[in-house]
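Protein chains: 2
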Amino acid sequence: MTNPSMTKQIRLNAFDMNCAGHLSPGLWRHPRDRSTSYKDLDYWTFLARTLERGRFDGLFLADVLGVYDVFAGNPDAAIRNGAQVPLNDPLLLVPAMAAVTEHLGFGVTCTLSYEPPYTFARRISTLDHLTKGRIGWNIVTGYLDSAAKGLGQARQTGHDRRYDIAEEYMAVVYKLWEGSWEDDAVVIDREAGIFAHPDKVHRVRHEGEHYRVDALHLSEPSPQRTPLLYQAGASPKGRDFAARHAECVFIGGHSKTAMAATVADLRARAARHGRDPSEILVFCRATVVPGRSEAEAQAKLAEYRSYVSEEGALALLSGWTGIDLSRYGPDEPIRHERNDAIHSAVEEIAGPNAVRTWTVRDLALATGIGGGLPLFVGDPAGIADAFQDWIDATDVDGFNLSYVVTPESFVDFVDLVVPELQRRGIYKRDYEPGTLREKLRGPGQARLPGHHPAAAHRRPGATRWAAE
Amino acid sequence: MTNPSMTKQIRLNAFDMNCAGHLSPGLWRHPRDRSTSYKDLDYWTFLARTLERGRFDGLFLADVLGVYDVFAGNPDAAIRNGAQVPLNDPLLLVPAMAAVTEHLGFGVTCTLSYEPPYTFARRISTLDHLTKGRIGWNIVTGYLDSAAKGLGQARQTGHDRRYDIAEEYMAVVYKLWEGSWEDDAVVIDREAGIFAHPDKVHRVRHEGEHYRVDALHLSEPSPQRTPLLYQAGASPKGRDFAARHAECVFIGGHSKTAMAATVADLRARAARHGRDPSEILVFCRATVVPGRSEAEAQAKLAEYRSYVSEEGALALLSGWTGIDLSRYGPDEPIRHERNDAIHSAVEEIAGPNAVRTWTVRDLALATGIGGGLPLFVGDPAGIADAFQDWIDATDVDGFNLSYVVTPESFVDFVDLVVPELQRRGIYKRDYEPGTLREKLRGPGQARLPGHHPAAAHRRPGATRWAAE
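Line by line, the protein sequences are chains W and F. If you use full-length UniProt numbering, the first sequence corresponds to residues 1 to 468, in order. If you use full-length UniProt numbering, the second sequence corresponds to residues 1 to 468, in order.
The set of hints was computed from the structure by calculation and includes no laboratory data. Heads up, some of the hints might be wrong.
Remember, identical chains collapse to one label, so a pair may be satisfied in a single copy or spanning two.
Stated by the list, open to error - Computed list of lysine to any residue pairs in SDA-like fashion (alpha-carbon distance at most 25 angstroms, straight line):
1) 237 x 160
2) 8 x 379
3) 200 x 361
4) 132 x 32
Next up, chain W with everything else stripped away, as it sits in the complex (with noise of 0.2 angstroms):
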């Protein structure tokens, strides 16, 4: 037990969208890749068992609902090289993997600023039961102008005030999830004839400043009732966000040092907030080339990245970062005393060092696997020590696997490295029993603890009907 990373046991999710291309610009025109497949059930019913093959803890299906529109002002270049566009609804995919699937979890981001907590509340508590407790939620506000378009909005709110609004929002969920019908509501007694009793099913009222809700929840409890929480909030704001409400935090970045410094802030916000630093479980994105030797991953890799398309990583980078990166030259360096903002963007993807060396397509071309760094090539052996050493340097518990060529990362990945993992004793085996959050909690831990937010809703200020 001298080194804690020999027994701690890794959190692997695979990180992937409803579209072709995900994270790897470009990358389906690779001969191999099947991500134009997206629309097919057929792709996403062999990705699911694919993954609980290689005993992922979960599927992380990533989402936006507008279009990246900041590169050059238009959507050309993100419709040309079919960056995340089309893009279709990835709550949708989840029952089709559920039915082929017994323990593998489902993390689906859903953006809480465009449906209403009531039937949205529904819609999670249906999953949980059709997955029998595997669904989890990736808490989103939004962040494309696009998307806000797209609902009739000039643009999006902005960014401290959309954090407020998701306070509220939270609040509504948790009262219907929690505070609506006890746990011996349902009795389905045949004999007596009673499905449930009234008396054990409780009016949700809110009157907030966002939202309002009179209603009992549709849903009688699910497994989990609150679905696990998923957050990825970077800012101030957003990490505060997380570290009160969110059990997994996803998150970027390309230096240990950097994500050491995230992980320690995330977790002592979380302390702050009364909450067992530990009880976060904290996955960084990550992607992973591997091959039966260094050779043969490196010469993958070098293959991958002849199919990265400029253009299409240049479209996602301008949308998240909000410049517009079709005003520089390709082979223009990037500098720090012309734009902050790039540089920073840089930095975050390609780390300090390159920010003085780097030109416009040398980021375009990292960013195009996967999403950038880090990127983990190598043999099995090679990987699972980087593996450890990231994990021993930033105090992540897991990764979030994006690809590069889909399925054929997740099936590398499973087929090569997991048995190393395994051997070595810092992966799991076998599933644990039960739900989503038992499988990363343990045993008995299918609810909040008592001490979440959503615990406070679970009776006080519920009412009765008949008593109003």
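Based on the hints, put chain F in the right spot on chain W.
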């Protein structure tokens, strides 16, 4: 060809809801009923396979967004009897059922009042992709005050105004489904590195009284683009909406005479909108209790009847009619002079002759067997005869079959009645190829015809992004 019913093909949907009991309150107590398993994917995949084995055109899923709280002014009776509460989201059942079937269609009820057209259009396009063009949408504007209260309103919007809003909503979703992506926009050209041609993807701009959108549709063209459109409006305004938009109409009614008048009125209204009157397929709600013999069927019905929950049926009836039936004694005869609305309700459910002799209990018990008349009980030949009579007399195209005990009602129908209908040549032995619309309309009819209001949004009005 002298008897048209000998060759007219009967259309069949199964009618279910993501809850226990659906239109047979209390029947969840029946020892063979599995409707309390509505939370399990297995229930739904078994049902879908059974229906496809029986060559059903579709599974039609009802939905409401509130509880039945008119009876005694509270939801207690509905909760105690499990009368359509708890109730989960229907859309999320479709992907799992689509994965285990190839031909079965899915008609899903979605209330347009509570979801922005931009995100709703993507959900439906996603399902049309995942099902390979087998999705239908039952357009509903909502009728329960309890639903409106869950969504922050004091009460339901007025009936006529709901249809005005619905007209605008349809215009927006048609623009998104039909007018944003040209058919040849997506090319997935691996050599040229072109996923889609930006100049063939159009921005949808809508500035109306109720909705504003300024966006690309997020989904690429799906097999049907606009889903198969169902509607069930019974009021003059509702029928006119159906006559303009709907491809399939779902109606209820107890008597052949009344139903024939409804069907004739619908077809006449369709003609006034410039449509072929036969273009609208009319499905009539019906319950079938088949046996190998008439005696076996009658015995089965008597046994089913003993499980009907009178209180549960009155909770549903009170919600549908808006009349609090708790104010009447169960043995009170229903008299016209007392209440015109309840008189109409009885006439609707039990027929004009029942009005003077039926008690409130009679009304409840009749309603509790699949929702009321028509009820077809008998051996396969008797049921086939009755189907043909009903179709000849009313000009309906088929039936929306509700269950009494599920999946038994559907399994019985498939095993006993379907072979008899096939033997008579009035029911298909195999599905037509293609999308749901093609299966109902014929080859080449995957998309709506050119005279449908959706077609007007196909290109004109779409604006090039770059031209802005």
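Hint-by-hint comparison with the structure:
Only within a single protomer do residue 237 and residue 160 lie at most 25 angstroms apart by alpha-carbon distance; the minimum there is 7 angstroms, versus 45 angstroms between protomers. In the homo-oligomer, the alpha carbons of residue 8 and residue 379 lie at most 25 angstroms apart inside one protomer (22 angstroms), although the nearest pairing across protomers, at 66 angstroms, exceeds that limit. Neither within a single protomer nor between protomers do residue 200 and residue 361 lie at most 25 angstroms apart by alpha-carbon distance, with minima of 62 angstroms and 28 angstroms respectively. Proximity of residue 132 to residue 32 under the C-alpha cut-off of 25 angstroms is restricted to the inter-copy arrangement: shortest distance 23 angstroms between copies versus 34 angstroms within a copy.
When each numbered hint is compared with the structure, a violation occurs for hint 3 only.
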